[in-house]
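Q: Residue strings, one per chain:
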Amino acid sequence: VNEDDDRILVSRCREGDRGACEQLVLRYQKPVFNAALRLLRHPEDAHDVAQTTFLKAFGHLGDYDPRFKFYSWIYRIAVNEALNVLGSRKPIGEITGDEPDGAPGPERRVEAEQVGEAIEEALMSIKPDLRAVIVLRHSLQLSYEDMSEVLKLPLNTVKSRLYDARQVLRDRLLQRGIMT
Amino acid sequence: MTDPALSALIQAEIDAELDGAGRAELARRLLADPEARAERDQYRRLASLLDAMPAIDPPESLAPGILAALPQSQFRHRSRGQEWRLAAMLAGVLIAGALVFETVKGPGPASVQLSGTIGASPNMTMVDTVRLGDGPAWAQVSLYREHAQLALKVEMGPDDSANVVIKSNDYDYTIRGAGRASQADNKLILLPNTQIDGHPVDVTLEVGGRAVAHARLRTSER
Numbered sequence: 221v222n223e224d225d226d227r228i229l230v231s232r233c234r235e236g237d238r239g240a241c242e243q244l245v246l247r248y249q250k251p252v253f254n255a256a257l258r259l260l261r262h263p264e265d266a267h268d269v270a271q272t273t274f275l276k277a278f279g280h281l282g283d284y285d286p287r288f289k290f291y292s293w294i295y296r297i298a299v300n301e302a303l304n305v306l307g308s309r310k311p312i313g314e315i316t317g318d319e320p321d322g323a324p325g326p327e328r329r330v331e332a333e334q335v336g337e338a339i340e341e342a343l344m345s346i347k348p349d350l351r352a353v354i355v356l357r358h359s360l361q362l363s364y365e366d367m368s369e370v371l372k373l374p375l376n377t378v379k380s381r382l383y384d385a386r387q388v389l390r391d392r393l394l395q396r397g398i399m400t
Numbered sequence: 704m705t706d707p708a709l710s711a712l713i714q715a716e717i718d719a720e721l722d723g724a725g726r727a728e729l730a731r732r733l734l735a736d737p738e739a740r741a742e743r744d745q746y747r748r749l750a751s752l753l754d755a756m757p758a759i760d761p762p763e764s765l766a767p768g769i770l771a772a773l774p775q776s777q778f779r780h781r782s783r784g785q786e787w788r789l790a791a792m793l794a795g796v797l798i799a800g801a802l803v804f805e806t807v808k809g810p811g812p813a814s815v816q817l818s819g820t821i822g823a824s825p826n827m828t829m830v831d832t833v834r835l836g837d838g839p840a841w842a843q844v845s846l847y848r849e850h851a852q853l854a855l856k857v858e859m860g861p862d863d864s865a866n867v868v869i870k871s872n873d874y875d876y877t878i879r880g881a882g883r884a885s886q887a888d889n890k891l892i893l894l895p896n897t898q899i900d901g902h903p904v905d906v907t908l909e910v911g912g913r914a915v916a917h918a919r920l921r922t923s924e925r
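So the sequences go chain by chain: A and B. Be aware that the first sequence starts at 221, since it is given in our numbering, and climbs by one per residue. Be aware that the second sequence starts at 704, since it is given in our numbering, and climbs by one per residue.
These aren't lab readings, by the way, just hints derived from the structure by calculation. Errors might be hidden in some of the hints.
Unchecked claim - Which residues of chain B face chain A? A few of them, derived with a C-beta cut under 7 Å, are: (1) Leu709; (2) Glu716; (3) Leu721; (4) Ser751; (5) Leu753; (6) Ala758; (7) Ile759; (8) Glu763; (9) Gly768; (10) Leu770; (11) Ala772; (12) Val857; (13) Leu920; (14) Thr922.
Stated by the list, open to error - Pairs of lysine to any residue residues, derived as SDA-like cross-links and limited to a Cα-Cα distance of at most 20 Å, are as follows: (15) A:Lys379 x B:Ala771; (16) A:Lys250 x B:Glu742; (17) B:Lys870 x A:Val305; (18) A:Lys379 x B:Gly768; (19) A:Lys276 x B:Lys870; (20) B:Lys856 x A:Asp237; (21) A:Lys379 x B:Gly901; (22) A:Lys250 x B:Glu716; (23) A:Lys250 x B:Pro757; (24) A:Lys379 x B:Arg747; (25) A:Lys379 x B:Asp754; (26) A:Lys379 x B:Arg748; (27) A:Lys250 x B:Ala711; (28) A:Lys250 x B:Arg747; (29) A:Lys379 x B:Glu716; (30) A:Lys379 x B:Pro707; (31) A:Lys379 x B:Ser710; (32) A:Lys276 x B:Tyr874; (33) A:Lys250 x B:Pro707; (34) A:Lys276 x B:Arg748; (35) A:Lys372 x A:Ser292; (36) B:Lys870 x A:Asp237; (37) A:Lys379 x B:Pro757; (38) A:Lys379 x B:Ala711; (39) A:Lys250 x B:Leu753; (40) B:Lys856 x A:Leu246.
Predicted model, so just to flag it, every value in this text is computed and none were measured. Ideal Cβ positions, reconstructed from N, Cα and C, are used throughout, including at glycine.
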C-alpha cells in the first residue's frame, strides 16, 4: 500500500470527492473485513463491523492526522469495533490450557478437524487482546511499529503481547496434536 | 520450561525484527541447545500456519452498502449539468484542436490520435482511449489527466461476466462487470500516480475469467 496515495485519496475524500472515498473503500474493505472476521469468526458481524468502520472513518476524517498512516487509523477503528462486539457477546470462557471435559482426545481431534479450522478455534479460545495482535501481525502483516500505532501501545507491550499470544497458541496446538 | 528471553529472540527472528546482537545471541543459544532448536521449529511452524490462513473476499454488497450509507451531503456533487459542461468543454477542446491541427498540418491521424496531440486543457484532458471487445462484452476505457492526477473512465457492455483489468507498474485493479454500476459506470476512477509513475496503463478485457482483448494506454501526451 502506498501511503502517499492514501494521503491524496483521504485529502480528496475530505473535500467531498466521492470517487476518492470509493477508492479507499475498495482498497481497504478486504483487510478490514478479514481482520474483523478473524477476531469475531462470524461473517455477518464482520460485515457489520467493516461497514461501521468505514462510516466512522469517513464521518471523522476531519480528526485524522495525516502524519500517521491511514491504514493504521482505519485498522484501529476496525479492531476497536470488533472488540466492542466481542465485549457485548456472552463470555465463552478463558483459555485454561486444559481441554474441556468430554472433549475428544488429541488424536480424534486431529482426524476430525481441518488444520485451518483448528487454528481458528485455537485463535478464538485466546483472550481478545491477544487475538488482536495475532490478527494484526499474521492477517494484516503489520510490523511491530505499525501494530504499536494501531493499538496505541508502547512497542515493548506489543512485542510481549504478541509473544504471549503465540506461546498460548503454540501450547494449545501442541496439546491438540495439531503441532508436534 | 520455556525461557522467555529465548522465546522472544526466536519470535523476533520469525518476524524479521531481530537486530545483529540478537541474531548473534540466538545463534549461540541454538548451537548449544537442541531444545532451543526444537522450540524455534515449533514457532516457525506456528507462524506458517497463521500466515497461511486464507484471506476471505468480503461480500460484494459491502462496498456499495458503505457508499450508499454515507450521507450524500458529505460529497460535492458533480451534477449532470457539470458533467455535461465537462463533456462539452472537452468536445470543444477536441474540435478546436482538430481544426488547428488540420489547418497547420493538413489531413492526418484519426481523432483518437488527435486527442493526444492537443495541448493541455485547463481542466481535464483525455490522454488516450481504447475500445476492447465487441458484442455484449465490450469496454471503452479512456485515460484523463487533470494536472498530475490521472483518472480512468470505463464504460462496459451489458455482459456481466466481463471484467476489465487495469495494470500499470505495481498498480493492479479489476473492475468487475457485475459490480460496474457501483464501481465504474460512467465515473472517473482516480489512479494512484506515484504507483504508476509515468508507466503505460495496460488494459485487459476478460470474459468469464479469460483474457479476450488487450491494449496499452499511454499516460502522457505525445
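Q: Run the structure past the numbered hints and jot down the numbers of the failing ones, going up.
A: 1, 2, 3, 4, 8, 12, 13, 14, 15, 16, 17, 18, 19, 21, 22, 27, 28, 32, 33, 34, 36 and 37
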